[in-house]
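Undergrad: Here are the chains, one letter per residue:
2 protein chains.
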Amino acid sequence: MKKLNILTPSGFPEFSPAQEAVKQHWIRIIEQTFESYGFASITTPLVERQENLVAKGGDPKEMYVLKRLYDQEDDPSHTGNALRFDHTVPLALYVARHFNEIKFPFKRYTMGPVLRGERAQKGRFRQFDQCDIDIIGSENLSLAHDALMPAIIVEIFQKLRLGDFLVRINNRKILIGFFEHLGIAPDQIKDVLGVLDSFEKKPASETKKAFSSLGIKEKEAEKILNFTALKGKDNQTILRSLETVKAGEVFEEGFKELREVCEILDMMGCSPFVRIDLKIARGLDYYTGTVFETYLLKDNGSLDTALGSICSGGRYDDLASIFTGKSLPGVGISIGLTRLLSQLFEAQMITPRRSSPSQVLVALQDAAYLSQAITMARFLRGAGIRVENYLEPKKMAKQFEYADRLGIPYTVVIGEDEVKNNTLGVKNLSTGEQKTGSPAEILNYLKDNL
Amino acid sequence: MKKLNILTPSGFPEFSPAQEAVKQHWIRIIEQTFESYGFASITTPLVERQENLVAKGGDPKEMYVLKRLYDQEDDPSHTGNALRFDHTVPLALYVARHFNEIKFPFKRYTMGPVLRGERAQKGRFRQFDQCDIDIIGSENLSLAHDALMPAIIVEIFQKLRLGDFLVRINNRKILIGFFEHLGIAPDQIKDVLGVLDSFEKKPASETKKAFSSLGIKEKEAEKILNFTALKGKDNQTILRSLETVKAGEVFEEGFKELREVCEILDMMGCSPFVRIDLKIARGLDYYTGTVFETYLLKDNGSLDTALGSICSGGRYDDLASIFTGKSLPGVGISIGLTRLLSQLFEAQMITPRRSSPSQVLVALQDAAYLSQAITMARFLRGAGIRVENYLEPKKMAKQFEYADRLGIPYTVVIGEDEVKNNTLGVKNLSTGEQKTGSPAEILNYLKDNL
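Quick mapping for you: the protein sequence lines, in order, are chains A and B. So the first sequence is numbered by the numbering used here: it starts at 78 and just counts up by one. So the second sequence is numbered by the numbering used here: it starts at 78 and just counts up by one.
Isolated chain A (complex conformation) (with noise of 0.2 Å):
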């Protein structure tokens, strides 16, 4: 028989116990969090008709399209599906077909994989889970949804406890001003854009050739990294300072636009975790406003642009006109759950300790005592308790022992003078604590110690 490789295929990882209870635990925080402020979860098929997914620009050069494995077979409706590669196409797809249903702003989060079939290599997936939040309005939609972004995930990797990060914003119509009133052509500007949006990731020498060969001049090409380069201790600063700035209409409008989100960033409370920075450009084109990108901070208080941004996102006018022939705009963030896990597990910045959600192993000494075990177990999780069985005859060295690997805290062990005396026992198994009580007392410790 041949021997068969069972390794996930290339590009689709998959995480050991541990590193999943890490995941789960996030994927809690953020859930509650993107609820906290009204947003609602909608899941959206993994398949879409390739077409739409072509029409709203998606990159046919990594598209995965779905075909049965005898083609021979397929009625037409198996064919011209392809998998998604993002929650953005998806969604203008959704808001398009349930547009009556929906009632604006419709504010949704999704969780979920994308496909996208790039080269495997370090840190790039062919699978990935994004977790996105976007706010979709219909004709208008606020500034101030704009401010709401950052202040939500602000408040998320504040409960990850990542240490240091910092949100960068800006708003890519002061850019654009800025570049046409250098005398850029329109039609360079997204090029221009591009090269901005790589400028951290490569040295100062390769974006100057990348400048230049685009034939923007040095002048220009020093101007912009200039004018990026703007800093300042505090976001007032860096506006007042950009106020003097004349650059045209479209730029007036950005920095009015800017000023009002940090505005509202006050009065969110979290200025001090949001930063303007010039420099962030975002390479997406559907973009026409306010942009993000999160950057965790080294210990040093520099950004960590290795790890580059974990969070990104922006504004955007126009989700769905290509569909519902309605122009709606929209802002939205995204989180990369798959690549920024791998990344911190593979750097070893979390360490997974537990495996499973249980807060108490009710051990089984005696076969005998099986039915009062599961009394047990049944009383503490009527309380509230996460609480499993040991089900198995075994030593109670080998129980104990699976409840460390597993990292459970609390082993609760009914015994022979347990049963006659209707007590149990107790043991922590991090620090040995043992005690033995009445059902009750039992219960009342595991809650003030849990």
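FYI, nobody ran anything at the bench for these hints, they're computed from the structure. All the pointers check out, no bait thrown in.
One copy or two, it doesn't matter: identical chains are merged, so the pair holds either way.
Using 27 Å as the maximum straight-line C-alpha spacing, the simulated DSSO-like pairs for lysine-lysine come out as follows:
hint, residue 1, residue 2
1, LYS138, LYS80
2, LYS524, LYS236
3, LYS267, LYS323
4, LYS471, LYS180
5, LYS504, LYS475
6, LYS472, LYS333
7, LYS475, LYS403
8, LYS267, LYS286
9, LYS267, LYS333
10, LYS144, LYS133
Note that the coordinates shown come from a computational prediction; the quantities given were computed from them, not determined experimentally.
Mind docking chain B on chain A? Use the hints.
TA: Just chain B now, with coordinates in the frame of chain A:
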């Protein structure tokens, strides 16, 4: 420009925002219950090597493979991969891949989409979510684990408030032993189990025809139908009747297993919701002992066989030997989430009413009070209430309509008077009840009423 067809591809369903809210509520209940019994969430890739899926009995006719849109650019690592059609084969692969990190018995749950290239029809989809729990033992797995499955399912269906339901339980050894004893050839037993599995979905004449086309004589067919029709007022009564049947060793083994599982179900307090039913055969090859199916009960107490089994599973002796070289026994059960919800929505057995997780909408009476509105929302959110700000400067009637349409129960208003007196107004949108008070008073009122 060609008009785009924005519908989801055939067989790839999508719920409305209000239906999604029901789904989300269900997922929370299911997850919390699984975790309260110590099951850990594990997710596997959507995509596996085709040869592994086929090796473990996947039906190649239904299998979807993944291809890049532009085949000519493929590198070999892009080919030979197919989409998972259930969660059991990926579990087997996961256990094989992480064998040294797993501590047995391994209790995992998973939720997520599986894909099958079936003919799309009512209630049958090409992508659908399954919620699976399984326990995998190393070498042994006690029968108490079999009893745990219906116990968990009973708790979930009680919490979902779907009305009365019944978990029907059987042991395939009882059926196989009985068939052998009747003289049915070993290679026919699988087919006889198949006839039994579809027995309730077909008229009696068709079942007779199916038996006869297998070469089962009318007398034997009669005996099978009489035997599997065995009834009793409770499991004890049925077990006493079964005890008198003499049908060889395999039958006896199955009987003893079933009796033990029923004893433990008593300890778990869920016997009233679980009934022995010898008609339960489960079509799938790999079940070797205990099998379950779950049915909703109609108002007259009869099984809703039109809806069919809403949650099925059983014991299997060999999960992963093809991948690990070790024979790992397991027991599992699965809820077909998408299928069940779609049917309940269509039959209007569930009427979704809310499409937002928000408990409170803080309205914006005047753009001048934006700061106060944001502060108030932060205050309530800090107390654990899910609250959103309305951030568009629109008429109050529009804002109330928004809350009403989304099913947000309370609206908080901050107007000129409120700002002057540092008070708030709160309105219950369904009763019309209104109240004015300090922020602390309003918070207490909301806490008492939510």
